[in-house]
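*Asks:* This is what each chain is made of:
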Amino acid sequence: MNIEIEKYNNYQVVKLYGEVDLSNSRKIKLEIIKLIKSKNNIIVDFTDLQYIDSSGMASLVEAFNESKENNTEFHIVDANGSPLQVLQLTRLNTVFNLADSIETVSING
Amino acid sequence: MANKKVFSSCTSELKNIREFVIDSCRDFPLSEAKVNEIVLGVDEACANVIRHGYHMSKKGCLEIVISSDDDHALFMIKDVCSKITDKQLTPKQENLCKPGGMGLCLIHYVAEKVRLIPHKGKGNWLELTVKFE
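Those protein sequences? They're chains A and B, same order as listed. Mapping of the first sequence onto our numbering: residues 1 to 109, in sequence order. Mapping of the second sequence onto our numbering: residues 1 to 133, in sequence order.
To be clear, the hints were calculated from the coordinates, so they are not data collected in a lab. Cβ atoms here follow ideal geometry from the backbone N, Cα and C, with glycine treated the same way. Just to be clear, a hint being listed does not mean it is correct.
[What the hints assert, rightly or not] Which residues of chain B face chain A? A partial, calculated answer using Cβ under 10 angstroms: (1) T11; (2) S12; (3) L14; (4) E37; (5) L40; (6) G60; (7) G103; (8) L104; (9) C105; (10) F132.
The shape of chain B in the complex, shown without the other chains (with noise of 0.2 angstroms):
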């Protein structure tokens, strides 16, 4: 069963969808540092769409849907921004302490793996994958 909850492009809204993540996985067997960095992850993922997708832009929308399988949790998040490209989300490595990159690296660091779902219509569905411990 997965989790889902949609939430606005404002940034205080960060908050509310921190707290979801962490309600979201409790029942996964994970440490609290884990949770601790997927919340981070999500957080990245989350603002780098309010500021890149929706230009801060408080009209937009996300969803985070969140579910599990045996070994790992799926954190997905769904924007109706214009369309990015894997090369967007490529992270590179002399960014992780420089203002820009960082959150990108962070995303990369907290997911074994990162990825665009390809769907049918308007938005990206970016994929967050992380194995239980």
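Only chain A is shown next, with the shape it has when bound in the complex (with noise of 0.2 angstroms):
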């Protein structure tokens, strides 16, 4: 598993590549939330996420709520294959704000 982390517009986004399980999910929880606690908006790029599971997702469920406490923008883009059905089944699709794009988020807000 790998993290970049790139400015977008008013976003840091952090974009995931390959595997996101036990053995790496608190790295990228550290990682966010620092963002946050920096009062960034945030950008959660799936688009290269191959795995993710229920500990990556309570990290990121951690880091949403840290971004709430922060008043910060918490999103997540491209979710596709298993990390999209892994968040239709806890359903947090319906507590996460996810976009198709980057850009749609940029544009929305």
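Can you join these two chains into the complex? Each is in its own frame, and there are hints to help.
*Replies:* Shown next, in the form of structure tokens:
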């Protein structure tokens, strides 16, 4: 699993690559929460994410809750394949702000 | 015939466990979406063993046994942790979206039957039954 962070307009885009599971989900949580505590709006890009388990989803829920406390935005974009299935199975697709692309979030806020 | 493989309880082994499940499911009459769900269910069960059974120690082991019958596949996860009870395997519906109980809910969603197989000796034998589509 790799993480890349890049700026796009008013957002920090966290691109996740590969597979997120118990071995690396804590790292993701810490990276994203660090950005949120610095008052950044977050877009988590699932485009190249092949797998995520419940520990990964739990990390994102914690980051999402942190963003609410800090009054920052938190979006997930381009969920597809197995990660999209996990979002649907856990019903977290009704909790997170999901969008098709980074551009869509940027336009709609 | 059953596919069987032993893995260490290191979290980095979860990726290898998922690949083993995918390979073993190739000959089963299951859609890609269902295989994805099964991989998730077995992964969640193994992660629970590593986290709660072995307390993240890398010194334990998990044996995965995958077999099939006419209309279903069986996924057995064997460990040598302290015995758990059926009650500990029962998910609470309100936990589905919450960190903590999410993994257990997913296991029960994926498998038609989740049960502990009684056996002599140490550890737990957890069996997931998945019906063919």
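*Asks:* With reference to the structure, classify each hint as holding or not holding.
*Replies:* Structure-based check of each hint:
Taking 10 angstroms as the C-beta cut-off, the interface hint given for T11 (chain B) holds, the closest approach to chain A being about 4 angstroms. Among the interface hints, the one on S12 (chain B) holds; its C-beta lies about 5 angstroms from the nearest C-beta in chain A, closer than the 10 angstroms criterion. Of the supplied interface hints, the one on L14 (chain B) holds, with its beta-carbon coming within about 5 angstroms of a beta-carbon of chain A, less than 10 angstroms. The closest approach between the C-beta of E37 (chain B) and any C-beta of chain A is roughly 7 angstroms, which is under the 10 angstroms cut-off, so the hint is satisfied.
Evaluation of the L40 (chain B) hint against chain A yields a held restraint, the C-beta minimum of about 6 angstroms falling below 10 angstroms. Proximity of G60 (chain B) to chain A is violated relative to the hint, the smallest CB-CB distance being about 14 angstroms (cut-off 10 angstroms). This hint holds: G103 (chain B) has a C-beta 4 angstroms from the nearest C-beta of chain A, less than the 10 angstroms allowed. With 10 angstroms as the threshold, the beta carbon of L104 (chain B) comes within range of chain A, its nearest partner Cβ sitting at about 9 angstroms, so the hint holds.
Interface restraint check for C105 (chain B): the shortest CB-CB distance to chain A comes to about 8 angstroms, inside 10 angstroms, so the restraint holds. For F132 (chain B), the interface hint is violated, the least distance from its beta-carbon to any beta-carbon of chain A being 19 angstroms, above 10 angstroms.
Comparing the model with each earlier hint shows violations of hints 6 and 10; every other hint is respected.
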